[in-house]
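A.B. asks: Guided by the hints, dock chain B onto chain A, whose structure is given.
2 protein chains.
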Amino acid sequence: MSKIKNIPTWVSIPEQSDFSVQNLPFGIFSVGKSSPRVGIAIGNQIIDLAAVAAYGLFVNLNFNVAVFEKSTLNDFIATGKTNWSSLRNRIQELLNEDNYELKSIAKEVLVPMEKATMHLPVSIGDYTDFYSSREHATNVGKLFRDPENALMPNWEHMPVAYHGRSSSIVVSGTDIRRPSGQTKTSAATAPSFGPTTSLDFELEMAFIIGKSTNLGDQVSTDQAEDHIFGMVLFNDWSARDIQKWEYVPLGPFLGKSFASSMSPWIVTLEALQPFKTDAVKKDTEILPYLKCVQDFNIDINLEAYIQPKNGEEELISTTNYKYLYWNYCQQLAHHTINGCNVNIGDLLASGTISGPDENSFGSLLEITAGGKKSLSLNNNVERKFLEDGDSITLCGFAQKDNVRVGFGEVTAKILPQ
Amino acid sequence: MSKIKNIPTWVSIPEQSDFSVQNLPFGIFSVGKSSPRVGIAIGNQIIDLAAVAAYGLFVNLNFNVAVFEKSTLNDFIATGKTNWSSLRNRIQELLNEDNYELKSIAKEVLVPMEKATMHLPVSIGDYTDFYSSREHATNVGKLFRDPENALMPNWEHMPVAYHGRSSSIVVSGTDIRRPSGQTKTSAATAPSFGPTTSLDFELEMAFIIGKSTNLGDQVSTDQAEDHIFGMVLFNDWSARDIQKWEYVPLGPFLGKSFASSMSPWIVTLEALQPFKTDAVKKDTEILPYLKCVQDFNIDINLEAYIQPKNGEEELISTTNYKYLYWNYCQQLAHHTINGCNVNIGDLLASGTISGPDENSFGSLLEITAGGKKSLSLNNNVERKFLEDGDSITLCGFAQKDNVRVGFGEVTAKILPQ
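First to last, the protein sequences are chains A and B.
Counting from 1, one number per residue, gives the positions in the first sequence under the working numbering.
Counting from 1, one number per residue, gives the positions in the second sequence under the working numbering.
Next comes chain A alone, as it looks inside the complex (with noise of 0.2 Å):
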């Protein structure tokens, strides 16, 4: 493969800062009392859209400008592929080192992002969750099923999914109440009712669909990436306890869709090409619909940190995009292989990224072995599953030929019942 090409330019970056020249997030921001709106990260600043087209920098572009005003980014998404991608060149170009055209204007139009408030990015009609991780697939089959057979047999067959609650998908940052419901131990006879005592995170990642198909249609896995918009951060927060009790036979309901967290910044798939890598080996024929003419997976760097309640934040996980077994060509393939219709914002989860080992378990279900052994943490705090107070914050980025694409965080505290 090709170096990825470095760009020089007039805005000041931090070293190691997600949102590169190369990067180019879309988000949904507001200032003050003003309506959210569309903007690009870069660095630590926010290009306000709306007002550097208000300069008239983009009469070159061929979509209506009018929708960087709105307060989600469907629309903006809905003018296409061969659109998003004009306006990347085209901030590309205004970001280079040799142009003033925005470097004139930059207190007009750049916005620090510690004076924004970050807004849920798209309206999402449908969320559906993978459960693509091998590794965690394994894991939680041990736990919650049969410790011989831990794999279900159509496992490597399919990218198997669920669909989830669209409605409690909040932005980075929104705090997560603890949830009560049903449970029950297996000595008890009856359920009981009260706030989950097994609250956990479930680091994942995500992508949101950017071109809408009709009922009936279907996406090939060759197709696929043109149906993509790009990908953020996920955390499916899991009460263990009211899953466990509720989800035979027909799969996880309230012990999920209390809350779900992205990050605010959607990471364009076009942005994320450099750093394609190999697929994981598959072992296990699949049918022909499932294959890909060039399999591949993407090299993203995963990070979860935990901060105690009045403790200091930790890194409990780090993990990798590319251990899935299912990448997304294949998941969209598989969703809309019997017909079912995908729309513009739409959300389609991993499922929760394990690795190999233990230090690369993407939830606490799995780091405690279901809450058998303690999670130590500085100061003897120790964890088995989240207590109220406690944040989760999770990170994630590609890094090659030192260009660093990032995603930046989700982060949410744990609020009382």
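For the record, the hints were derived by calculation from the structure and aren't laboratory data.
Ideal placement from N, C-alpha and C gives every residue a C-beta, glycine not left out.
Treat each hint with caution, since some may be false.
Unchecked claim - Covered stretches of chain B (in silico footprint by chain A; criterion: 3 or more residues with CB under 8 Å from a CB of chain A, positions within the stretch not fixed):
| hint | stretch |
| --- | --- |
| 1 | 143-152 |
| 2 | 162-170 |
| 3 | 179-185 |
| 4 | 278-288 |
| 5 | 313-323 |
C.D. replies: Leaving out everything else, chain B in the frame of chain A:
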């Protein structure tokens, strides 16, 4: 209970019409190339509410009548329960035989149903499918799992449910294409791919959320009716072979997400109040949050008809909404007990409604015992599952004191893959 009031009207309403003066269901219709807008069904006609408003007959209503020009009911629903009721009272007044306000302009504001096209009545954010018929859950448990332990231990303690796919919900009359997918017989060592060979219908009803909640809010069984706008007939098409191979452990996915059909007219909860009846007796003690001050169900007669390709329509099931073990208040209380928010337009379906005997089964899976025996139809036609060209029609109506409040129908034909 008091008798239902008779309301003499100047409108011609055919005997046994579902759409009586006591009903007044809401839908979205268009005529020719006109924009879809809000209508109320009366007899064989549709009241064009925007047209009535233009004549000034709604000047005493306390909301902006521009909501009648929208292509979904969501904005009208958002005006609130008091306004739904005021409009209902005003329409009943206008239809009264002594009233000439509407009668004098009837030709301008009443549209014959045969001239109208019906559309999906609401924009549906999230769709949830319950599993609240004990008979259905038992029948399916016997076929899919263990005949000795058909009902899961959680079933009598909670209204079990899963998230469905909202994008593929279509209005009655939309053809359904036979989906393809992975299936595996128990004898095979690997799955194979192709069109489903066990396409089925599911006779369901669904309710539509009428008042949104915030994340973290719980809706008690007592408050539930304030959050529900009305009900529809619902057919949750199912590919049994795809479902069987994919559904463990995360529940149904592609076996359902190719399509669900709903009836175009939403019957309001207010119109259904007179048909409340006793709840199913529960032998198992349930948790307090699922108890109703006065437990009830609704007496709605339900029927399923099949019209085999080139054949004649035949009744294949007669059941009743009142057979549901969990009523809609319990379903909504359970759904929100973890703080999950609901939005106006969300659709919550009952799950297949089967009754106690063989004539009351709400799916072919149950009627043919999973394809083990044939359903015998006229002219020596037999069916185990649906064939291309077959149509399924579901009907439903409540009736008491010579007053009928019906749902019309939800019908669809199967197209080949």
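A.B. asks: Now tell me, hint by hint, if it's right for this structure.
C.D. replies: Against the structure, the hints:
1. 143-152: holds (count 3)
2. 162-170: holds (count 8)
3. 179-185: Answer holds; 5 residues pass the 8 Å Cβ test.
4. 278-288: holds (count 3)
5. 313-323: violated (count 0)
The structure shown violates just one earlier hint, number 5.
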